[in-house]
Structure formats: C-alpha cells, structure tokens
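Colleague: This is what each chain is made of:
2 protein chains.
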Amino acid sequence: MITENQYFDGNVKSLGYETPEGKSTIGIINPGEYEFGTANKEIMHVIEGSLTILLHGETQWQVIESGSSFEVSSNSSFKVKTEVQTAYLCQYR
Amino acid sequence: MITENQYFDGNVKSLGYETPEGKSTIGIINPGEYEFGTANKEIMHVIEGSLTILLHGETQWQVIESGSSFEVSSNSSFKVKTEVQTAYLCQYR
Numbered sequence: 284m285i286t287e288n289q290y291f292d293g294n295v296k297s298l299g300y301e302t303p304e305g306k307s308t309i310g311i312i313n314p315g316e317y318e319f320g321t322a323n324k325e326i327m328h329v330i331e332g333s334l335t336i337l338l339h340g341e342t343q344w345q346v347i348e349s350g351s352s353f354e355v356s357s358n359s360s361f362k363v364k365t366e367v368q369t370a371y372l373c374q375y376r
Numbered sequence: 284m285i286t287e288n289q290y291f292d293g294n295v296k297s298l299g300y301e302t303p304e305g306k307s308t309i310g311i312i313n314p315g316e317y318e319f320g321t322a323n324k325e326i327m328h329v330i331e332g333s334l335t336i337l338l339h340g341e342t343q344w345q346v347i348e349s350g351s352s353f354e355v356s357s358n359s360s361f362k363v364k365t366e367v368q369t370a371y372l373c374q375y376r
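Here the protein sequences come in this chain order: A and B.
Each residue of the first sequence is one higher than the one before, counting from 284 in our numbering.
Each residue of the second sequence is one higher than the one before, counting from 284 in our numbering.
Derived from the structure by calculation, the hints contain no laboratory data.
Wrong hints could be hidden among the right ones.
All copies of an identical chain are treated as equivalent in the list; a pair is satisfied when it fits inside any one copy or across any two copies.
What the hints assert, rightly or not - Once the Cα atoms are required to be at most 30 Å apart in a straight line, the calculated DSBU-like pairs of lysine-lysine come out as:
(1) Lys362 with Lys306
(2) Lys364 with Lys306
(3) Lys362 with Lys324
Using the sequences and the hints given, assemble the complete structure.
Modeller: Structure follows, in structure tokens:
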C-alpha cells in the first residue's frame with residue numbers, strides 16, 4: 284500500500300511505504316517555512332533541492348544540500364525553510 | 284505546485300515538481316512488473332529498494348540497487364519489476 288499525505292495546505296505532500304528496515308516516506312516541500320513534530324526518530328535525506336533546518340533547542344540554522352541528511356529525535360520538532368521545491372526521503376528507524 | 288499521479292491501479296504513485304534544471308518526479312513502485320513509455324529522456328535513480336529493468340531493444344535484465352541510476356532515451360520504453368516497495372527519483376533532462 285502506498286499512502287498519500289499532505290500538510291500545510293498542500294505545500295508539503297508525501298507518499299508512504301514500507302521497507303524491511305521500517306517505514307519511509309518520500310515527499311516534496313514547496314518554498315516556504317514550516318515546523319514539523321516528530322513522534323519517532325527520523326532520518327531525513329535531501330534528494331533534490333536544499334533545506335535550511337533548525338532543530339529543537341538549537342539556535343543555529345543548518346543548510347542541508349541534496350545528497351546530505353540529518354537526524355531528528357523522537358518527540359521533538361524542527362523548522363524547515365526552502366526557496367526551491369525540494370524532494371526528501373524520511374526514514375523512520 | 285506539486286502534482287500527484289498514479290498508474291497501474293495505484294501500484295505506482297508519484298509526485299511531480301520543478302527544479303532549475305528541469306522537471307522531476309519522485310515515486311513509489313509496488314511489487315510487480317510494469318512497462319513504462321517515455322516521451323522525454325529520463326534519468327531514473329533508485330532511492331530505496333531495488334528495481335530490475337529491461338530497456339527497449341535489450342535482452343538482458345539489469346538490477347538497479349538503491350543509490351544507482353539508469354537512463355532511458357526519449358520515445359522509448361522499459362520494463363520494471365520489483366519484489367519490494369521501491370522509491371525512485373525520475374529526472375526529465
């Protein structure tokens with residue numbers, strides 16, 4: 284089953300699937316700034332485009348270019364901003 | 284704008300977006316075998332999972348693991364089979 288999700292009035296859309304190692308989603312983020320909460324630990328990979336992120340409790344924004352990734356702990360949150368449509372892979376594991 | 288597409292009774296779903304270099308889609312392919320036609324040249328990257336592909340005019344199936352990619356010329360076709368839900372990036376350029 285391929286699940287479809289959208290957030291922030293359709294400015295973020297994702298497709299969910301299962302792997303032998305756990306659930307994953309791939310998605311697109313439109314230009315803008317957003318805040319996401321996490322229930323489980325997430326490993327976020329930028330596939331195409333670029334994300335500028337601020338992890339909960341940090342003060343320094345980080346630029347994550349395509350090919351790079353970052354981790355977000357469970358029960359946390361992070362802010363994301365981007366100036367271009369950006370594709371990501373999110374692994375829950 | 285993030286476009287939503289589905290093919291083969293929802294066994295392939297994708298999200299389309301624009302990059303400075305051209306259009307791209309990310310998508311998920313359910314286990315099964317499918318044949319796709321191409322209007323434009325495509326560069327297909329396996330993000331997670333694995334695809335076994337047969338390009339038009341070839342007789343040898345190739346296994347494309349995650350992290351690898353293959354090219355399909357315009358006005359062509361290719362067959363794809365997979366045993367696991369597989370995430371891909373398709374770049375039209």
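Colleague: All hints, please: hold or fail.
Modeller: Here is what the structure says about each hint:
no.: 1; hint: Lys362 with Lys306; in the structure: both (22 Å within a copy, 26 Å between copies)
no.: 2; hint: Lys364 with Lys306; in the structure: both (24 Å within a copy, 21 Å between copies)
no.: 3; hint: Lys362 with Lys324; in the structure: within (15 Å within a copy, 36 Å between copies)
Hint violations for this structure: none, all hints satisfied.
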